[in-house]
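Asks: For this one, chain R is given, so just place chain D on it according to the hints.
There are 2 protein chains.
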Amino acid sequence: MQIRKWDMAQLSFEGTQAGNPFVDVTVDALARCGGRTVEVPGFYDGNGVYRVRILPDFCGRWQVTLKSNDPLLDGQTAEFDCIAAADGVHGPVQVADEYHFAYADGTPYYECGTTCYVWNHQEPALREKTLATLKDAPFNKMRMCVFPKHYRYNANEPAFFPFEGNLKDGFDFTRFNPACWAQLDRCVTQLMDLGIEADIILFHPYDRWGFAHMDRETEDLYLRYCVARLSGYRNVWWSFANEFDFMRDKNMTDWDHYGPYVQRLDPVGHLRGIHNGRIYYDHTKPWVTHCSIQSHDFLQIPVWHERYHKPICIDECCYEGNIPNTWGNITAREMVHRFWESLAYGAYCGHGETYLNDRDELWWSKGGELVGQSPERLKFFLKIFSEMPGDYVPLRPGVVRPCIGSPSRQYLYYAGPSQSVGAEFSLPEQEQYQADIIDTWEMTVTPVPGVFSGNFLVPMPQKPYLAVRLRRVEA
Amino acid sequence: MQIRKWDMAQLSFEGTQAGNPFVDVTVDALARCGGRTVEVPGFYDGNGVYRVRILPDFCGRWQVTLKSNDPLLDGQTAEFDCIAAADGVHGPVQVADEYHFAYADGTPYYECGTTCYVWNHQEPALREKTLATLKDAPFNKMRMCVFPKHYRYNANEPAFFPFEGNLKDGFDFTRFNPACWAQLDRCVTQLMDLGIEADIILFHPYDRWGFAHMDRETEDLYLRYCVARLSGYRNVWWSFANEFDFMRDKNMTDWDHYGPYVQRLDPVGHLRGIHNGRIYYDHTKPWVTHCSIQSHDFLQIPVWHERYHKPICIDECCYEGNIPNTWGNITAREMVHRFWESLAYGAYCGHGETYLNDRDELWWSKGGELVGQSPERLKFFLKIFSEMPGDYVPLRPGVVRPCIGSPSRQYLYYAGPSQSVGAEFSLPEQEQYQADIIDTWEMTVTPVPGVFSGNFLVPMPQKPYLAVRLRRVEA
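Just so you know, the sequences run in chain order R and D. Here the first sequence stands for residues 0 to 474, numbered as in numbering that gives the first Met the number 0. Here the second sequence stands for residues 0 to 474, numbered as in numbering that gives the first Met the number 0.
With the rest of the complex left out, here is chain R:
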């Protein structure tokens, strides 16, 4: 068997169906390649089938041996050859440094995320519509939940649940429902095929089924199942909660347990974050790879950088829309502004859309169609963003407006609500720069005639929501 690097190698084995294999049978694989051994958790997928999902990160022969308390499984072996990655496949996203993400092969990852919390729990036609929308959208990260959602505009009962059972008769938390997980597999794969990272939300409080109120043992079983099923996808991130502090049954000791628990189990080391409601999580904790923040206080980004020294994803800064909920009704202009503002401070902003419609199909939760005016402009945003060298850093000269720059190469200054006659810069006399005026709303890039060096002023039209880009030119 040949597997391309960073594609999933799924190995399947026959085992017992007796009792409750989800809890009775332990199965782990030792995967060896080039003198390195990785322990990979396996899982039961129903019908006597056990699987191990490996994300090979190294070319060569991989040899796999099972460890199990089921004699049918224990000692079973398999092998495959990992060959070069397919074109355009760069591996899982990792933290590159305190400001940046990069794919495993070093390619910079310019995050531009959106949120459709439970698109994966909707009917097939709506899921297809979501995928069609994403195909044409700028987003390369999707925040989504394992569990279904109970909330305003989310009254529909999902077709499948992660556990056996239903709302009326209750759930058996010791038996997973493979059909539901297969649907999640499919959704994660579909995102992967679109180049979109799946930020998998493991817990959330918006629940009528009891999934927000399980006990520690059940939750450990559930998390292990998540890791075993999903860590073989290169585009998975772990988001431990949406609004962790709104989950009243859980306390800090719980989160301090779940984070390191998943960290130990996950053979790939996927990104791990936790999203806040009102109270910020202590993102200095070692298990947290990056800051997942709900806030629209962008001026605090330098404070968070100073405190956490980790990349900052402002996953929720309010959504474009018109619902009464105060977190879901900013204008497209404000949404676009927040992406640029965030970038210019060296952080990543997140999109969502909450326009009312008769079908109660709001993008932020169910996916479907985007009707707002921001996505088109975020496509333009991402294009400009992706043209920044991957080593840019936030510059903090103490001025009021933010700027990022790859020193001596390229700078991006965002003027936001300013309407200045020009932007002032102070750069070395021996370096020459070409300047562009970027209209973030009109989506235009207008080169300014001439070259600039030393202390200079780039003239600007007197209107808000402009950025200035400086690119070094040869003298």
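Note that these hints are calculated values from the structure, not bench results. Heads up, none of these hints are tricks.
It does not matter which identical chain is meant; a pair holds if it fits inside one copy or across any two.
The list that follows gives simulated cross-link-like pairs (lysine to any residue, SDA-like), each with its CA atoms no further than 25 Å apart:
no.: 1; residue 1: Lys462; residue 2: Arg358
no.: 2; residue 1: Lys382; residue 2: Pro393
no.: 3; residue 1: Lys462; residue 2: Trp440
no.: 4; residue 1: Lys382; residue 2: Leu193
no.: 5; residue 1: Lys462; residue 2: Asn324
no.: 6; residue 1: Lys462; residue 2: Met442
no.: 7; residue 1: Lys66; residue 2: Gln9
no.: 8; residue 1: Lys462; residue 2: Glu375
no.: 9; residue 1: Lys462; residue 2: Trp326
no.: 10; residue 1: Lys134; residue 2: Trp180
no.: 11; residue 1: Lys462; residue 2: Asp359
no.: 12; residue 1: Lys462; residue 2: Arg151
Replies: Showing chain D alone in chain R's frame:
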């Protein structure tokens, strides 16, 4: 002599002209009324004239006795009768509680300030223009400096200096220049007559004359002179610095000295604040009466309230204008937005204007004319603000948008960049409210038909920069 309460009683005495009376002669008054004695510093005003300025706060006979090392002055007495305050005179502004200011007679003071740093140092014609502009403007506080200003757009040499001397020949820091101080007196009086508080900035770093680099002894002499001359005006506030942390010659020990020093000298107890550049002052210090803050991070207002428990004046949040300096080029729309945002968080915002013109007469520094679009809208803002009961408090229900309210009477919710179909409220079932939609830019108040109670939604047009006001009606 009869003096109305909270008008200045100026008592003048003949004394020596020998030597340097500014430093050689000490003069203080003991002012007694109704069994209370207040010590009031006097000052030398040139030509052998010494003055004591008293701001009587109590009706009755005031008896004044001088203490001096000059035998001509020592033991001299004077008296006057303090009668009821003139109509519309409410006394000096004081801190009412952790959110509010009030005049001494308890009348709420709804702060709406502006900044013309050195309007008092400009030619008479320009000063007259400033006053004419203020007469028609909403502002009831003016930030202004004792010292002239050296900065971009501020190249002109003032007619007078607080000390004897000039730039070419240097200054004698032991001799004040009465002509300059008389001009300052006039300016403070003119503001008082317009109902405007004078937030007197005692030190600032923008200097070419040496006033930012005096020694401790000189500064003590200067501060005492400021207090002696100005504390008799009811509309004076002390602002210890503009951007204290940009004054490189001074350290925290200096500020820790000046604040309490003025506090001890000032018989009236005028408000005392200190304005920051990049580093926030520790406004918990007892001598600080209110927080004077430079920032546009309005989401931090609840944090500051929590930390300082003092009224918060965001005296500088960027100015409406078009200059390249990043603090001086926000749009009128943004300026107006910041006033409403600030209010809805329970703080006070400050105005300034920095539009370029051929005369280098930018309002923020020299005064003159206002050409921006925000003042008209701030007049509307102040009207709505002044209609709030004086006991409103910031409400922090954890929602994204801010709201103030006088519980069970009146609420003001500011939607800012939201474009919602409506705003949701949850109020007691037995209370009925009338709702107004306030368009902060168009300056309209549109009553919503019907009355509201319990949990309700006030329908709103889907556009940004609206506020919703709820006023209780009789059932």
